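Undergrad: If you want the building blocks of each chain, they are given just below.
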Amino acid sequence: MSERRNRWRWNAGLVIGLALLSVVAIIAIVAPMLFSDAANIMGDRSQRPSGEHLLGTDAAGHDLLLRSLVATRLTLLMTVGAAAISVLGGIALGVSVWGLPARGREVALRAIDAIVAFPGLLLALVVAAILGAGGSSAVVAIGLSGIPYFARLTANLSAKIAQQEYVATARLMGVGPFTVSVRHMLPNMAEPLLVLAASNFASSLTAISALSFVGLGVQSPQYDWGKLLNEAIPSLLSGKAYEMVGPAALIIVTGLSAILIGDGLAAAANPNARSRRAPKATSHAPLPAVAPSSDALLRVRNLRVSFQGKEIVKGVSFDVARGEIVGIVGESGSGKTLTAMSVAQLLPENLQLTADELALGDIDLRSRAADRDVVHSMSMIYQDPGSTFNPSLKMGQQLTQVLTQHFGMAAGAAKKTMREAFEKVRMTEPDRRLRQYPYELSGGMRQRAMIASALATRPKLIVADEATTALDVTVQADILRELVGLNRELGASVMFISHDIGVVRELCDRVVVMYHGEVMEVLAADDLTVERATHDYTRKLLAATPELAIDWETVGEEHAR
Amino acid sequence: MTSPPITQILPPPQTTVAPAEPPRRSAWGRFIASPWASFLLRRAISLVAMFFALLIVAFLIVQLIPGDPAVAIAGSNATTVEIEALRTSLGLDLPLWQQFVGFVGGVFTGDLGTSFMYGQPVATIIQSRVPFTLALAAAAIVLSLVIAVPLGIVVGVATRAGKRSWLDATFGAVTGFIDSVPGYIMATVLVVLFGYGVGVLEIVPPAFSARMPVASYVLPVVALAIGPVCTVARVVRREMNVVLEQDYMRTARGWRLPAARRYLGWALPNLLTSTLTLSGLVLTGMVGGAIIIETVFAIPGLGTGIIRAILDRDYPVIQGLVLVIGMMAALVNLLVDVILGIADPRTLGGHHE
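Line by line, the protein sequences give chains E and P. For the first sequence, counting from 1, position 521 maps to 521 in the working numbering; every step adds exactly one. For the second sequence, counting from 1, position 50 maps to 50 in the working numbering; every step adds exactly one.
No more than 27 Å apart at the CA atoms, straight line, and that leaves these computed lysine-lysine pairs for DSS-like:
#1 E/K310 - P/K163
#2 E/K460 - E/K424
#3 E/K314 - P/K163
#4 E/K416 - E/K460
#5 E/K540 - E/K314
#6 E/K415 - E/K394
Simulated from the structure, these hints should not be mistaken for laboratory data. Just so we're clear, the structure is a prediction, and the values are computed from it rather than from any experiment.
Given only the sequences and the hints, what does the whole structure look like? Please build it.
TA: Structural data, given as structure tokens:
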């Protein structure tokens, strides 16, 4: 708990909100004592604002400023009453739902959901219809109508906390549901509940005032802010708006203070939630004109990537020749994915990149190269096939876009091309797959689809970032085979990023070993053994990597059946 | 460069066997097999359940009046004879279940009773009032979505990955402020600003049951929509920020799809689910908001109707209007879910949070 207190941060919203609410509260206490008689004096009627009556007078000749101030007490008391009913009733209902057996809980939550789907005001009007118009019935009406929503929020919070281990432990130890609720659940919900209660106060104020405003709340001779607004409607429609100013301003200020307090509490309790300021994009330093260092397809020289001035990739250099498969290995955090993303020009926008050379054929990847050229030369295969496809679009819809956009194909031709590509990567039922959503396909299917997309665009370089990591072993073998198929059929080079030493050794021609953003060594794949590696780190990495002896051939065949 | 190890482990490429075409089905057969059939069936059942729940609520309004309903309805200066006559004529002397059966039977034959105040059938009163509220709520709902969604997208794109913190702060402050101003106060502000300030918009509504000129709807619709616009725009902006961080947006960038396609074709469908789910509450809330806004502009709709009826203790009218307004809210809910189902078929399975 002490750690929590340390995290507490006062913020401007919270301070302003508390200050405003304190002023309103003082008005609520003091104004009726000082002005309640003066507010009932009837002087000149319907006076415009003047030195004597700062906000003018109403149709009965009351001073509107005094009446607005005096009304503060009744309004706040009613709001507090209604909010208390909503909050306490909501917490009681929300927590006790969680004490029910699973089946009853389901039914209860559905019932609450159904009620929440109706406008709260309708519920309040039903209660008001039963109890009749009046101040206290308005409090009950607004209070009751707020219960379902607050109960739903409490139930959501309870659901999260009920899954915590200490609650389960308490249950196992035979602590009754009531005690569990009061001892364990409520204290842990206190913070979010307080935030929700503040916003409930704001909405109760609005709703109570609304009922008085339409004439269903406080009745004459009593008056709250809503009632004052109600009395001002006739004059508003006849062109005299000033009667509204006092109560309207007070409602807005009070509601705003409650919202500021709610947001402020939330921010104070969880300072991390605030969005971090993005670093200013630094302009790239002028690059020295370096002649192409080799005739390799992909040339990377002194690639550096930094975040907020801190370098993460520290001068990486390597080449990928035409038709070659180059592996990049290293533990997580070694910078291998950032290197891949630099090549693909897909670095997050808040990272800065510099390089002496970063070129694919004759495309300079340091500058914003023409989209068409890049797409025609390079394809990506990403790590997690579960998230690389847009969940809201059908496979065909997404995969054909690159073809219609950059390859000048009509929709029909693009679909035909993708269908052929699906067949080439041995996708079952290609027509149906194109009509399906990503979630209807298995991980292996989705990764095949990504490879099919690469096949359709006939790139010179394929950047595969952990393309098989998220898949199980049998599917991995399939995907690797398709990747090699691409390599051989298109003569495409492959940059294969992986932490799986065994796969890299089998698949690649050469291997780049990375550690802490630097290249440790570049060696032939066959030399990627403890005995033959030259660099100390490579040997350690190899020694630390347990390897399964996988017979790729049989694995693949079993799966193919 | 070749890779000998792999060539050896690879089995020879297999020829693809064309899968059997699925049997052709009629349109009806396809519909039954689609998730829509069970979705619509489920929603139809829940709509019927809601209607019955509303029937019970409407029925209970009279039963739950504290004390003797007959006395309360007849008023404080009624004689005992008058009260008893009223009790018999309203059927309040019958057993509860008979009263309920009578009430439900009446509703299903279109007989919602007769207004105590006006002596008119309740159905007639509702008929004359529905168009005003329907027009107001529908226009406000459409307007708020049409404005809020693009606004949220633009701000979401502009503030992605923590960019333009000044815009982030300004947008948050302005929408937060407007959102915290109750609709009825916003309405009065609008009347002051545009009603007689500029004088172009008619603010005095026409007599009851006359057709309202379109211009008279402008201020009420804006007053009703402006709060929800801010709420929905904030939701869209937040969701846009989240969606833009997703892996599939990187895929679209990898394919070098142009910005318009990425944001509208790629990101937008993913916003719709969460936006519509959250806006569902906001939009049904607007049915409630319309009740209050009608009072400001003296629009003779369902809202002014139910408030008048509560003040008059005109119970048959109250009961009828509770049913109608409740069903309007339920239909808005259904509409949101249908749009949701079209935008994202995954939600058809139910249990979407």
